[in-house]
Each structure stands twice: as C-alpha cells, then as structure tokens.
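Number of protein chains: 8
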Amino acid sequence: GFAKLDHHRKLRSGFGEVIYCSGKSMDHLVKIFLNFDEKGVDVLGTRATREQYEKVKEMIPDAEYDEIARIIRIQRTNHEKKGLIAVCTGGTSDIPVAEEAAQTAEFFGSNVIRIYDVGVAGIHRLLSKIGAIQEANCIIAVAGMEGALPGVIAGMVDKPVIAVPTSVGYGSNFGGLSSLLTMLNSCAEGIAVVNIDNGFGAAYLGTQINRLTEGNHGE
Amino acid sequence: GFAKLDHHRKLRSGFGEVIYCSGKSMDHLVKIFLNFDEKGVDVLGTRATREQYEKVKEMIPDAEYDEIARIIRIQRTNHEKKGLIAVCTGGTSDIPVAEEAAQTAEFFGSNVIRIYDVGVAGIHRLLSKIGAIQEANCIIAVAGMEGALPGVIAGMVDKPVIAVPTSVGYGSNFGGLSSLLTMLNSCAEGIAVVNIDNGFGAAYLGTQINRLTEGNHGE
Amino acid sequence: GFAKLDHHRKLRSGFGEVIYCSGKSMDHLVKIFLNFDEKGVDVLGTRATREQYEKVKEMIPDAEYDEIARIIRIQRTNHEKKGLIAVCTGGTSDIPVAEEAAQTAEFFGSNVIRIYDVGVAGIHRLLSKIGAIQEANCIIAVAGMEGALPGVIAGMVDKPVIAVPTSVGYGSNFGGLSSLLTMLNSCAEGIAVVNIDNGFGAAYLGTQINRLTEGNHGE
Amino acid sequence: GFAKLDHHRKLRSGFGEVIYCSGKSMDHLVKIFLNFDEKGVDVLGTRATREQYEKVKEMIPDAEYDEIARIIRIQRTNHEKKGLIAVCTGGTSDIPVAEEAAQTAEFFGSNVIRIYDVGVAGIHRLLSKIGAIQEANCIIAVAGMEGALPGVIAGMVDKPVIAVPTSVGYGSNFGGLSSLLTMLNSCAEGIAVVNIDNGFGAAYLGTQINRLTEGNHGE
Amino acid sequence: GFAKLDHHRKLRSGFGEVIYCSGKSMDHLVKIFLNFDEKGVDVLGTRATREQYEKVKEMIPDAEYDEIARIIRIQRTNHEKKGLIAVCTGGTSDIPVAEEAAQTAEFFGSNVIRIYDVGVAGIHRLLSKIGAIQEANCIIAVAGMEGALPGVIAGMVDKPVIAVPTSVGYGSNFGGLSSLLTMLNSCAEGIAVVNIDNGFGAAYLGTQINRLTEGNHGE
Amino acid sequence: GFAKLDHHRKLRSGFGEVIYCSGKSMDHLVKIFLNFDEKGVDVLGTRATREQYEKVKEMIPDAEYDEIARIIRIQRTNHEKKGLIAVCTGGTSDIPVAEEAAQTAEFFGSNVIRIYDVGVAGIHRLLSKIGAIQEANCIIAVAGMEGALPGVIAGMVDKPVIAVPTSVGYGSNFGGLSSLLTMLNSCAEGIAVVNIDNGFGAAYLGTQINRLTEGNHGE
Amino acid sequence: GFAKLDHHRKLRSGFGEVIYCSGKSMDHLVKIFLNFDEKGVDVLGTRATREQYEKVKEMIPDAEYDEIARIIRIQRTNHEKKGLIAVCTGGTSDIPVAEEAAQTAEFFGSNVIRIYDVGVAGIHRLLSKIGAIQEANCIIAVAGMEGALPGVIAGMVDKPVIAVPTSVGYGSNFGGLSSLLTMLNSCAEGIAVVNIDNGFGAAYLGTQINRLTEGNHGE
Amino acid sequence: GFAKLDHHRKLRSGFGEVIYCSGKSMDHLVKIFLNFDEKGVDVLGTRATREQYEKVKEMIPDAEYDEIARIIRIQRTNHEKKGLIAVCTGGTSDIPVAEEAAQTAEFFGSNVIRIYDVGVAGIHRLLSKIGAIQEANCIIAVAGMEGALPGVIAGMVDKPVIAVPTSVGYGSNFGGLSSLLTMLNSCAEGIAVVNIDNGFGAAYLGTQINRLTEGNHGE
Ligand SMILES: Nc1ncnc2c1ncn2[C@@H]1O[C@H](COP(=O)(O)O)[C@@H](O)[C@H]1O
Ligand SMILES: Nc1ncnc2c1ncn2[C@@H]1O[C@H](COP(=O)(O)O)[C@@H](O)[C@H]1O
Ligand SMILES: Nc1ncnc2c1ncn2[C@@H]1O[C@H](COP(=O)(O)O)[C@@H](O)[C@H]1O
Ligand SMILES: Nc1ncnc2c1ncn2[C@@H]1O[C@H](COP(=O)(O)O)[C@@H](O)[C@H]1O
Ligand SMILES: [Mg+2]
Ligand SMILES: [Mg+2]
Ligand SMILES: [Mg+2]
Ligand SMILES: [Mg+2]
Ligand SMILES: [Mg+2]
Ligand SMILES: [Mg+2]
Ligand SMILES: [Mg+2]
Ligand SMILES: [Mg+2]
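Chains as they are written, first to last, in my numbering: chain A, 72 to 290; chain B, 72 to 290; chain C, 72 to 290; chain D, 72 to 290; chain E, 72 to 290; chain F, 72 to 290; chain G, 72 to 290; chain H, 72 to 290.
Incorrect hints may have been included.
[As the list claims (entries may be wrong)] Anything over 10 Å on all C-beta distances counts as not near chain H; from chain B, calculated:
#1 L155
#2 S199
#3 D268
[Claimed, not checked] The calculated DSSO-like cross-link candidates involving lysine-lysine, where the alpha carbons are at most 30 Å apart (straight line), are:
#4 A:K110 x C:K200
#5 A:K200 x G:K95
#6 H:K95 x B:K95
#7 D:K152 x C:K153
#8 H:K126 x H:K102
#9 G:K110 x G:K126
#10 A:K200 x G:K102
#11 F:K95 x H:K95
#12 F:K128 x H:K200
#13 E:K102 x E:K126
#14 B:K128 x B:K200
#15 C:K95 x E:K95
#16 E:K152 x F:K153
#17 E:K128 x E:K110
#18 B:K128 x B:K152
#19 D:K200 x F:K110
#20 G:K200 x E:K102
#21 F:K200 x H:K110
#22 D:K153 x D:K110
#23 F:K95 x F:K128
#24 C:K95 x A:K95
#25 F:K200 x G:K200
#26 B:K128 x A:K153
#27 B:K200 x C:K153
#28 E:K95 x G:K200
#29 H:K200 x A:K200
#30 E:K95 x G:K110
[Stated by the list, open to error] Now the stretches of chain C that chain E is said to cover, found in silico as 3 or more residues with beta-carbon under 8 Å:
#31 180-193
#32 264-274
In case anyone wonders, no lab produced these hints; they're calculated from the structure.
All values reported here derive from a predicted model rather than from experimental measurement.
Don't be surprised by glycine CBs; every beta carbon is placed ideally from N, CA and C.
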C-alpha cells in the first residue's frame, strides 16, 4: 500500500502540523485547528490574519499569534532544537517573509540565527556578519527588489543557500519577478530557489538539510 | 584578508576545477585547461563542443569527452565516492541535462544512481522505482515540458529534491518557462529550484547536501 | 436563414439558459432572469454575488444560491441525468472552480462524481481513487499552483481530460499562468485545456462529450 | 500491479505506436522504429525530417513519408475507419499542422474531412462549408495569427471544437502566443485548446471523442 | 512660430475641448472645466466618476453625465452632424468602452449608429446587421475576451475598421492583452488598432476619417 | 448569397492582387502567380526572397523585384495615382518596412511622398519636413527602437497617422515590443497602430483613407 | 575596516537622511524619525501617507508635508544650493513623481527648475522651453504612457538626461512597462534610466552629477 | 533655425563620428566611412563584423579593428585624454560589451581603467579593487546573468554608476531581462541603467559625466 509512502514524506512527524490559512473560511479553519488540537499535536498556521487568530483563540485559548510572521502557533510539546539555520534579509521590509521562515524552522526543531538588513547595497554590513553565517548548516537568504543577497552569500560560504525572493519593491519589480530571476541566474554555486514570498517552503527545505547534517534523517 | 573567504567557499577543494566552456575562445580555453592541468588537479569542462574537446585533447591527451553531457574530463586522482544522489528525468530528451548533473556530481565525489524516463504521464514507471529513489540523500529531478516530476517525487520522499527545469518542449513551453514555473509553484514540500537546463548547478547543490549528510563538511 | 445555425448550437436546448452575472448591473440582471423565468426554462447564473442573488430572489422566490460555486439556480424541470463526468481537484482551494463545473454539468443533465483534494504532491490520494475516475466518460481536472493533476490523470485513463487551471497560488503563479502553461505542455495524451478558472466552459465541453458518448447528440 | 493502468491508457492499442522524432539521434530513432516494426505493429513518426525518413527507409523499405505533415508511416494492418473528424484551417500556412492532425487521426482509425483556408477574414468561405462541418463528431480547428477560427466554428456547431493555435505569423504574434490566447479566451462554448502547433495532441483528443461517440470505448 | 502647428492639430477646433478626468484632483478638475466654460466652448470630460460630475455640476448646472460612458458633457453649441460611424461591440460588457467612443464621436460632430452584442461566437447576429455596417464611412469595433470582431467585420466591408480591445474577460485575458494581440495579428486588411479600453482614441481617429470622407478637412 | 460581401471587401478590385510569399513553397507560389497573370490583373508579391523572384521571372519575364522592399511586382495596367500618403521613418534601418508600405500604396493607386530618417532623437530633421507631411491625406510613420515618431507627428498634423512599429533594435526591444507599446500608449490623438513590421497592412489602411478622402469609395 | 567605505558612499553627509516610509509600521517609522531628529540632521521621508505625517508631526512639530510629492521634511540646516537640475514632465499626471525628484534634489542641495507638461504630443511646448533646459547641468525627464520625452530632450541638449518612466497610463501601458522600454531603447545618446516612478533615485543620481559639475565631489 | 540645437547636442564635436555598422549593407557602410574620412574626422564603427572591416580597410588602409569589441577605428587626431572612467565586468563573458564601452570612451577622450571579472559571487575580488574604482569620476559596471555588480559597487562609491546589463547567460536569463531588472531594482543609490549590451550608450553617458567633472562642458 501507499501508507509507507505517506509515512516517509512526513518531515513533521512528531513535530506537528502546518495549516495554510490564507483564503480558508472561518468555519473550515477552526474545524481543522480543533481537529489537530484534539490529537495533541503541535499546530502552526501560516498566512493567518489577526481575525482568523482571534476566532481560533476563542476555541483554543493557548494559541499564540505573531503579527509580523502572520503565524498562529499552538505548541504543546517541547523538542530540543538541533543544528543551526541562518536566516538573513536584504532589507527591513523582507522581515515578514524571513520571520515566516524562521518561526517555521524553529517549529520543526531547528535552531535559528536571525541576521537582518544586510543587503548588498551596503556590503560592509554583510561582511561584518559573515563569521556568524558560516556557522550554520544552511542559510535562508530573503531579498526583494534586486535580490542579490543570496548570490553574494553563496560566494562566501560553502553550505547550501536557500534563496527566497520577495515581492518587496515597485515598478519593474513586477511582483517579485526581478528578485526571482536574479536568484535563478546567480553565478554563485549552491543556491536553491523557492517561490516568491515562500518563507514556509524555505524553512521546510532548510530543516531537511539541517537534519540530514545532524544525522537525523527524518525519524 | 579575504583568503579565508575564498578557501571556505571551495566545495571542489581537493576535487578539481570546473570550466564553463560555452562561448570561450579556443585560445583562452586551452590556456585555462593547461593551467589547471599543470597544477595536477582534476578538471571538468561543461557545455563543451566536440571541437573544443579535440583542441584540448591535442594538448592533454588523456582528456575524455562525453557527447551527451557535453563534458570534457581530465581525471588524475581517485577519490572514493560517498553517499548517494538519485538523478531522475521525465523523458529521454532531458537526459543531456541529467548527464551534466550526474557526471558533475560524480566528479565532485558523490555516488549517483540514474533513473531516467519516469515522467508523470505514465506514473507507474515512477512508482516502480520509488524504492531506489528513497535510498538517496537527495534527488535531482530533471524535467521539461510540464515539469511535474519534482513535485510528485517530493511528495513521496522526505529528502530535498533539486528541481531542474529543461528547455525541452515547444510552443507555449517558451524556452523552459513552463517547467520552471511548475517547479516554483509546486505544492509539494522540500523542492529547491535551479535555472533552466542548469545540470551543473543542481549537481553542486546536491553534492553540498550529500556531503553534509555524510558528515563531510567540505574538508 | 441563420435560424438553423442558431438552433444547432444550443446544447442547452431543453436544459435551460446560463447567465454570466459578473459585472452586470442589478437592473439588467434581474430583467434577464425574469425574462427567462417567464418562458418557464431553467436558469443558471454563474459568477454571482450573494447580493445579486438576493435581488433575484426578491422577484423569483424559488431561486437558490450556492455560496461556494457562486451559482444562482432556478430549476423547474426535472430531466433524468445521463452518463458520468468525474470532477477532480488538486487542493481544497480549487473547489469553488470545481463546483462551478460540477453544478453546471449537473444543470446540463450529466451525472457528476466529485473527487477533491487529490493533488499530485500526495499521489497515493489520487491512486486510491483512480478506479472511480476510470468509470467516467470524461474527467474535469481542476488545479492551481503547479497544475500537474490533469497530466497525471490523463496518463491513467483513456478518456478525454478537460484541464482547468485555477488562479490559486501566489508569487510566480502569476494569476494562474503557471498552471495554464503546465497543462498546455503536458506530455500526457488526451488533454483539453480551457481558460484559467473557467469551470463553466469545462462543464459545457464535458457535457458535449458525455452526451456524445451516451448517444445523445444534442437533441 | 500497474499493468492495468498502462493497458487502460492506450488508445492506440491495436492501432500502432507513435514516435516523436524531433531531436532524436539517428541511431536511437532507427532502433525504436525497428523495435516496433519487429512486433508487427503499425508505426507513426511525427516531426520527422526527410533525412530521418531516408535512414528509416533503408532499414524498413515500406516506410512512407509525408513532406508537409513531416510524418513517417509504416502501415501494415488495415482497420476500418469510423466516425468523422473535420479538420479545418484558417490559412494555407496552417496546413502542415493540420496535416499532422489529419494523418494522425486517420492512423488512429478516424475518418477525416479536410476543410482548409476558411479563415474568418473572409467569413463566406466558412459559411459555405458549415454544412459539411456539422456532420462531424468533433472539429479540429487550426489557426495562426489571430486564431479566431475555432471560436466562430464553435458558435455554429454543437460538437466539441479542438482548437490548435499555430506559430504562423510575425511580430506581435510572439511565436503563437496571440492565437493561443485568442482560443483560450473565446466566448464561444465547447472549445478545447491544445499547445501551439500540437497537431498530434489534437488528433489524439479528437480520436478519443470520435470513438466515444461511435460507441467504441477504446477496445 | 509654432502657433501654426498648434492650430493645425486641433480636430476639435470649433467642437470643444476634451478633459481626461481620471486621477485629477477635484480642485484641479473643476478649475479646468470652469476655464473652458468661460470661453463658451463645449466641453467633454472622459473617465469621470459620478463624484467628479457632481462637483462640476455644482459650478456648471447644465453639465450632464452619462453613467455608462463615464462622460461629463457641457454642450452649448449645436453643430450639424455629418457622415456616419458605426460603433459595434462583441458583447454587452464592452458597451461602456463603446459608449465612450460613440458619445465622443457625436461630440466631435459625427453621426453614429450603434450595433451592440454582435460577437463572432454567434455570427448570425453580425451577418444580419452587415448591411447597416456597410453604410458607415468607418467602423469602430469594440471587443474583449478573444477580440475577433474587428477581423471578421474588416473581411466584410471595405472601410477602415478601428479596433478597440477591451479589458473585459478573466484569466489568460491578462487585462486585455489577448484581445489586443488578436487585433494586431488579424489577417483581415484595413484594421487600425488603438490601446486597450481606449474608446476616446478610437472616436478621435474615426472622426478624422469620417470628416476626410465628407470633404471636411478639419476646418 | 455572400458574393456581395466578397465584392464589397475588395479594395484592390481593378488594382490587382497581393500575394504574401513568405513560407510558400516554390511550386505553390509560381502556380498562384501564373494563375493571376493569366487573368491579366496586376500582381504584387510581398516578403519575397530573391530566389522566389527568380523562379517567378522564369515563367513571367516582366516580373520586377525590389531588393529592399522584398517585393515582386507584375504591373500591366496603368491607373492614374490619386491623393497623397506620406511615408516617414525614424532611421535608415526602418526603410525596408517603409518601402513595403510605400510600394504597396503606389500599387493600390496612391501617390506617395517618402520622408526617411527623421527620428525624434534629432527633432530638427522632422521639423524641417513638417510642411510636406501636412500636405498628405494620411501619414504612415515607421519606427523601431523607441518608436516615438508617430506620436510626435500626430501632434503636428490633424490627419490620421498609421503607426508601424519595426523590429529594429536590440536588447530590451524584444523583437519590436518596445516600439509597439510606445505607439499604442501615445498621448497624441489620431494614431492607428498595425502589427510589427507590417508595412503592407499600413499601406492598405492608408489607401482606404486616402481614397475616402478623394471621394473614391472603393469603386 | 569598512567604515571608510560607508563614509565614502554617503552623498547626503551633511545633508540629512532619507527614509522610505512606504510599508513601514507607524511605531517603527516614528522611532526612526525621532532617532535622526535627535542627532539634529535634516530628514526627508518619501512615499509617506498623510496619516504617517500626522503621527510624525505629533512628535516633531516642525515636520512639513507635501501632499503631491508625498514627502515629509524636517529641515533644520540651511545649505546654499548649487548648480542646476531641470525637472521636466510629459503630462500633469507625472507631477507627483517629478515633485518627489525635485524636492529630493533640493533637499540634497541642488537648485531645481521645474518645466512641466511639455510632452512630445505637442512638441512646440517643449521647443519653447528648450533654452531654459539647456542651462541645467543635467535633466530629469519624467514621463508615463509612451515615455518619449527623455529621448527628444536628449537629442536637443548635451547633458545627461535621467529618464524616469511613470506608471501613468492604462491598458497596454502594463504598469509603466511601455514607458520604461521606450526609454531604454531610445536612439538618442546620453540617457540614464531609473526604475518606474523612482523620482528619488533620479534625484540622487542627478545630484551626484550636478555636484561633480560644480566641483563639489561629495565632501 | 535648429542648427543651434544640432550643434549643442554633439558631444563628439572635435572627437569624430560613430557609425552603427550592424545591419548596414556593405555599399552603404563603405560610403559612410569614406564620407567621414574625407572630412578628416576620426571615425568609430561599432557592432562591425570582420568582413565589414576588411571591406573598409580596402578603401581606408589605416582603419584598425578590434575583434573583441567589434569596433573599426580610424584615428587621425590625437586629443589628450581627460578624467577617468572605470569599466568593470562581472565575468569574462561580459568583456566584449565592456570593451565596446571602454574603447568608445577612449575615442571620446576619456581615460579608462579596466577592472574585469570582479563579479559578486566572489566578492573579495571586487573588494581588493575598490580603491582603484573610487578614483574614477564615474563607473561603468557591465554584468550578465544576475547583474548584481552595479548595485554592490554603487554601495561602495559615491560617483554615478552606469549599469550595463548583458545578454550573457541562459535559461531564465531571457536574453538579458534578468540582469536588466536587477539593475533597475537595485536598492543602492546612484545607478543609471542603459539598454542590454549597450556598451556604446554607457560610454557616451560616461563621457558626458566625466567631462562635466573635468570642467569641460562639451566645447
Ligand atoms: N505559507 C505557506 N506557503 C506554502 N505552503 C504552505 C504554507 N503554509 C503551509 N503550507 C503547506 O500547505 C499544507 C497545508 O495545506 P492545507 O491542507 O490546505 O491546510 C501544509 O502541509 C504545507 O505543506
Ligand atoms: N508531434 C507530437 N507532439 C507532442 N507529442 C507527441 C508528438 N508525437 C508523438 N508524441 C508523443 O510522444 C510519445 C513518444 O515519445 P517518445 O517516447 O519520446 O518517442 C508518443 O507516444 C506521443 O505521446
Ligand atoms: N522613494 C524611494 N525609492 C527608492 N528608494 C528610496 C526612496 N526613498 C528612500 N529610498 C532609499 O531607502 C533608504 C532608506 O531605506 P530604509 O532604511 O528602509 O528607510 C534611503 O537611504 C534611500 O536609499
Ligand atoms: N553600438 C551602438 N549601440 C547603440 N547606438 C549606437 C551604437 N553605435 C552607434 N550608435 C548610434 O548610432 C548613430 C549612428 O547611427 P547611423 O546613422 O545609423 O549610423 C551614432 O551616432 C550613435 O548615436
Ligand atoms: Mg535599510
Ligand atoms: Mg518516453
Ligand atoms: Mg491539502
Ligand atoms: Mg488565404
Ligand atoms: Mg451576448
Ligand atoms: Mg541616422
Ligand atoms: Mg497635457
Ligand atoms: Mg569568472
């Protein structure tokens, strides 16, 4: 049967479930949260509005909300965090996407170091932090506008760099297209690109790599 | 100084150098090959024409050429290969890009298993190979046209899947755009996208992950 | 004259009329509904807001509304449904478009089986339903994000698969472009693509095929 | 096992195999043809160059070639053709794509009527043929440049119209994009769009529909 | 001096001024209207909101507003209208753009015949009106979605057809791109394309042609 | 019947036929030329290669060829030319498209004045010619790269300006897209845009307008 | 250290700081303003809403706001302005972007002359101002829609022209794409393009050039 | 008259003429070269093939050719060079465009320093050269693929950076689009973008700025 397949693909086994809240009706959303909550697993809700959170909190009082990351979290278990992922941003406007990544990675059991606002237009900011970045098992580099940060970092470390383009910018940014193309075309080696604004996806991939490094292959 | 940076970023340290041959003048190319050859390091030339190869062979007789992968290889050392990367393709037309990836990964010291022509339009082909794919530390999934292969694989394994869109197709494929977008928008978790036809980049990233897994952090 | 042409093109002859409500002024819309209602034919209104529905209901009390499908229905006659169309979705967010398709197909006299949330990122979900899907005369496969569902289904059945890309997704999804291109470039055979979010068009096409199969050629 | 799946998806069962010749190496191509030929099945090669044909003919003397359709055909069996598909084009430059469709449909056992050069810029040409078109179980409408033909036909018949955009045109045609978009956005009902220049895909879909109509469900 | 240039370019000389109201601040807009009004010339305001109209009306009581065309009109003079322009639409949703064209053309002194909802998906509607269309000196054909109307009309008359793509549609319509490309790529002869939704521009061009025909060369 | 339609749409009635030579097979092309030639009508072949011309000349010795315009012309009759069309270009590289327009307009019986290389980057060149341009009944303005010429001319004359974008340029010109968009978005009034490089279409439209002006309504 | 780098890159040294207000939370924004204000430097806030301004004004009473330019300014010092920058626009809708440029340039110590609404569709307007424009050390030319203004100006002066495309327009303007492409493809020499609507960036670049000219190299 | 305008716009006055050779016929090209040569002015031909050069050399024996820059140069006068422009590239494949820029700038009388292959994927290379770069009056930064170089340089100097995107790259580079968008969206200040591969345009703009700095305002 395919149960085996299903079992194998669960990174989050023992780490809780993730709900993509965007566009879900209030009724539907609350039902899903309650469902998971009854099973006692930890639950993370991404792309959640404050309004959604408040409804969930009515039913599950120890639900927490992070305004910046737009994340609802119900944490019951307490796993020891392992390894290290560095989450970097080019500017301050990229922080919401970075926090979605950072908090998701923490939820999945990774230690995270945040290094924000180190965009390449003021390269000294990045250079002064490069030592800390080199400690991580992998780097999540979040950038909008020209999106050059992942390429510069990838040239300075030899760990995988997960590049997250953001839709931050205006005009010929075309909703994140400019930073997406920059990252795909980087001449630096070791760059893994995910969708525009996809902090969650970067965190998932980062956790997979971080765990592999720590000899924890998903069990 | 920055020598430290430079040292740190070299995955290939002890594994040889890689030359991107496309668009280089014959003179320039031969000079670079001779230069590395004199240092005794292994050398890989990607996107090489047969014509370029023949010129290089005149100077370095034990240079080898792979017509499909368009790779020139000068292998002097003999490192033991480690870990395992699975390289999969959707169709047979994707094989040149897959071979660029596979041979580059081998050059960098990874064991590689090739699983070709398992595109999702005949899903039973993929299902019958999924056991072998699950053995690998990471998967390089190469696909043109609709590019759905990486997403389906990522749903069946819990290792990072490196997605390589190819320019194989016609019409609204728009030079690989269709498969690129498919991969970026996959709802499966754990997908790292690289540029269209970028087999080399996938292999570099795959080797980084494979080595991290094997506890061999670039030394 | 051209009356003959006009007569021939009416699939819905004897099945009622369909009104595209989006962007129509309240006055205009109500007038059209009343007009058809007076003739005693069944009427379906697609892309209708609740506000539009309520205005229509004031005049025609037995009008019904489906919030998800955004459909107003006035059903007076009771045709026996024929044949079978399978309506499948990749995710739960695609359900509104799928319901527009399913309810339209039912309105036109087709039996419909709904198989939702069987996206290819968890292929076992689809595999466990494939028997039911193979019973249908044609399949309407609705998917956003990477849009790979129709291609995988088309590889497992030998009936026409009507592929409906949805605008579900974000970032490089570009309003449904990514799933549209995926479907147009599928290497599976037997895929008919319609416009992004066009559940109605898929249902019309599906009903034509379903009726042809059932030996009911539009009369 | 999956053999059942595989069996179910074969429209061509008993009708022969189709090889996509474009980009295949001479060696590889000849081997595939010989392989099928030994099994005694009929074989169709699409997108074949005359050079490829001549090589195939050396080995299989009764291979035939159609210059316009770029099709190699090895026909051994003689099935009775069923039903009727109308293949229409807007202009004479669309004929190669139309012939790929028509000859593929015939290979799969459908009767085909060709109605070429009836583009909407001279609508009387189409109107004078509409009677013949209405006889078919489905219509394949092939058009480049503005691609309006399928929409006009779909308004005059109540059978599925398979719309094939071609790359015929220049300037803002952008390689077939203009006709592709026209067809996807048609306000006529009952239009199934395939990829630009994909005569083969249209024929496969058309044959599925034609057979369903004729009560011949793939056996 | 350049006064001569300026004088020569005024089609509207003696016909009044046109103000593009969209995006103008209330203050600024009212000032411009008052300015022209004081000179006693007729004034037309396009793309005007009802709110803008009400503010203008406070100052200039005989200002009139057309909700559909979004036009404010202050008509003092009474020129005899000349010639004939036919304004046609594919659907009813295109009427706002068509009315902008029709009312602008009337303001500039052209007789206008309106022939709406004659889209090519039901070609008999157009065919039954073709006699009336052929009477005009030029035709303004307004269409969204697939935008095929101008091409079909241009094939039936030998007068210039001014093609106005509209942004009516959804999905792969991409804000009017699909109908724009259709019109630019039409194989019919005698088609002049203007910007998406640009009813005003079509009317200006149409009036120039209509006047030339009537031997009234701008004086 | 529709014969009336057909008759009405022929601008060229009494002026000869036009053949679009691009992509036609030699056999097919020669047959079409001979066919028209036998009827004694004048014939124009556009987008013709020298090779095509030479084949035609073998059969019809008084065929002439213009290398720049890529036009084959067989002129037997001698109509008096009427009215005036000005054909302008921005640069010298736009001349082939302009000559296609100019020679087609002459073939259809219009007087033509050529005013080349008056691009807006050196506006004095245009200003010194504006008197001549103002004499024409309409202007065909041909420009590549930024394509600003039609807009500047339209601001200085009050006759219709037919704007022909060319594919001249490189980089972000994207095959003529930049000049096409410029022309569609011009804020000058009275601009009719045709497809990229479509000199023929501009000439046809220009002749329609020129004849209307001269009181010669297609008879 | 990199402090030297940092110091060197500050054009604004001694001229105050610039805050990009768009998307910043109220709290965060006020904190930044207070921070700079305490240091006694002048501060400019771009892309500021009136709401943001009012909050800032509560804390820093001598903050000023320009509604059109959407700029908050706190000016304490009084530098003598130097050199001259001409800021031109094609239309009145481009003025907000032009004012962002003009007020930023003044903030950085440049004299500015404003020459608005001199678009190329009425070229005499520009010609009558060209003398004044030629006095400047560089020109900032702001234009939406077809964006032809910078090219025409660059043909008439021999100073650098900084071209600012705006998103003013509709339809095939595609959010400023049309004017951006026009400017990049201009055949006039000496044009420097910045992002769509980027008045700030143009002013910064203009000030650099203006200061270089005035022998004031950033110290 | 406008002669004054013309005179004012000539940067090259006293420096010779520039001919854009691409696409010019041999005859036409030689005639232009001879024409300028007779006047004794220096001449530069850009985008010239070796074949074009050889034809020119037959007539003008002291014509020189640079294979990399594709430049023909006829230098008779000997102006002292002034100021300093730094020309930098990201990779070695960008050198042809950089040499077009460098040699054009030298032809116009600027001193040039070349700093090649300092792309941001190995940032230490750029950092070690930053001192030299800071000496220049302006920087021309040439880069393909992700095009991040200009942004990083602009963050380290306070002189204008002229950004030249190149078409170097493959896949989602889309002919230079990725580097163009990167440069337009850079968050560094003081970046002037020119067209893809437009080394000539960058040199012209750079020379204008360099001369302004050196107090040599075009006379
Ligand atoms: N922010 C996000 N972006 C993309 N995918 C997400 C995000 N958050 C959660 N997901 C995925 O969506 C799945 C849940 O989807 P659903 O079943 O619709 O709630 C999770 O298991 C994740 O795979
Ligand atoms: N012209 C064509 N366009 C698209 N797909 C084709 C075409 N011709 C054949 N095919 C498909 O390609 C398959 C064979 O692919 P291959 O195994 O690469 O020869 C056939 O079974 C068809 O499904
Ligand atoms: N309107 C603007 N457009 C683009 N960049 C701007 C704008 N205004 C300010 N900036 C830049 O943004 C920087 C401030 O960004 P932040 O630190 O996020 O406030 C300034 O130093 C400028 O470089
Ligand atoms: N490589 C180039 N790219 C863009 N424009 C160029 C180039 N080389 C020369 N030009 C421009 O083209 C003009 C000559 O054009 P033409 O009159 O066609 O020879 C020169 O005066 C330059 O303004
Ligand atoms: Mg910052
Ligand atoms: Mg295969
Ligand atoms: Mg789900
Ligand atoms: Mg024809
Ligand atoms: Mg209608
Ligand atoms: Mg010129
Ligand atoms: Mg104005
Ligand atoms: Mg290098």
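**Item:** Hint check, failures only
**Value:** Violated: hints 3, 12, 14, 26, 27, 30 and 31.
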